[in-house]
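Peer 1: The chain contents come next:
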Amino acid sequence: MTPISFKGTREGLHITLAPAPWREIMEELARQLNRPGAQSFFRGARVLLETGNRMLGVTELEELIALLAQHQMTLTSVLGETQTQDAFVQLRSAMPPPPENLQAEIESAPEHATEDLSALLIHRTVRSGQLIRHAGTIIVIGDVNPGAEVVAENDVVVWGKLRGVVHAGASGDTRAMVGALFLAPTQLRIGNFIARAPDEKRTQVWTAEIARVRDEQIVVEPWNAV
Amino acid sequence: MTGRVITITSGKGGVGKTTATANIGVALARRGQRVTCLDADIGLRNLDVVMGLENRIVYDLVDVVEGRARLRQALIKDKRLPELTLMPAAQTRDKLAVKEAQMIKLVEDLRKECDFVLIDSPAGIEHGFRNAIAPADEVLIVTTPEVSAVRDADRIIGLVEAAEKPAPRLIINRLRPSMVKRGEMLDTKDVLEVLAVELIGIVPEDEAIITSTNKGQPVAFEDRSPAGAAFTRIAQRILGEDVPFMVFDDTSGLFDKMSKFLKR
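Residue numbers (the numbering used here), protein chains in the order written: chain A, 1034 to 1259; chain B, 12 to 275.
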């Protein structure tokens, strides 16, 4: 078993970590990135890191981000345990600036700085204890179960039942929206607004709904009215 | 000859992992399969008690891993079924006494000798759970029809998927048909709607479980016990037989009326 695996996707480079010792993973990653020809291939890539069962601390994540930065790569998304996610959030503020070509892209984008980042597509059920955080829009094809958390800097769209905690516009963008085929989140946040599910149980009617901020509060409407 | 390795786990404690392991083991062995039940709950071992083999333990899993005993010395033969053996956990050590690689090696050795290795996982999602999952070919998740147990089962399913195991199958344990009928308990549909995995068995609440646990005589030895019959059907499904799921609604009617009558 190799300690890491690479997969190129439209969103960027998808790196999955196997449950190997951390040293081995870093050595293997460094080796892969330093391979002849790899330099030009990986340069400027956005990286989606999948950590599986492993919990990464701030130090480990920092080391990884630094290594990626040496190759002009940026970590944009993390899929994994809550603890790893917390470390990622802590570091995001202090992250090295994106590589030059990305920088130019972002600067040319009008006002909405993150709008340019492509959406993250999650094609499975997001289960209790799993947290997905992405610097752009998140699209889930599947359910978001109670106890799961989905945090996006732009919109969140769930093609399925949304029953966990959802946060759109996580960096304060109140123009973000949340849409789901069945919208019954434990808690719904957009920017710095918070709404929670009514305490009485909802009747199980399948209607696609959309939540957005209007007049300083979160409103939910049927999707067809949009 | 290599046996199938099936880990029985749940996340939440007290939902019936150990009971399920012992009974599925008995049911498989009664159908002529050679089965080894392995207790991975080091430090809080129970499987030996439920199987009624506690007083026969000389060596345990940690002794084997640390080289103080050979595999055959630690394996305990069941007193009723020659096809059934138990690999007991250590009671005086903790989960960190065994590493994932050691567990995998141990199970690799065990599976050469039998048709099935059933691993009774500890509760929780920490080291002990990871040890129990690492060697598994298949995973069975036990839950009760309670929101908290279902939530933990969902968490576990996520971790099993992350460990790149095949999709786990679900046992719903301690279902009370009368409560479901009154709308006071989650029913099978509610549970499956959240977890979205394949169901392998529904086990009704059965008082016989308590007496059988205390006596060390798993209910799967008795065909009259509703829970025992349910575990036997799970074993049949593991063997690939197509067994219909029981409908429990009708069985409780008379019993319910009687117990209500008695309470008055």
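Incorrect hints may have been included.
[What the hints assert, rightly or not] In silico SDA-like cross-links for lysine to any residue, where the CA-CA straight-line distance does not exceed 25 Å:
1. B:K176 with A:L1154
2. B:K110 with A:I1037
3. B:K110 with A:I1058
Derived from the structure by calculation, the hints contain no laboratory data.
Peer 1: If a hint holds in the structure, say so; if it doesn't, say that too.
Peer 2: Do the hints match the structure? See the list:
Restraint check for K176 of chain B and L1154 of chain A: the C-alpha separation of about 22 Å stays at or below 25 Å, so the hint holds. Taken as a hint, the K110 of chain B and I1037 of chain A pair is honoured in the structure, with Cα atoms around 21 Å apart against an allowance of 25 Å. Only pairs whose Cα atoms come within 25 Å are accepted, and K110 of chain B paired with I1058 of chain A is accepted, the gap being roughly 19 Å.
Checked against the numbered hints above, the structure violates none of them.
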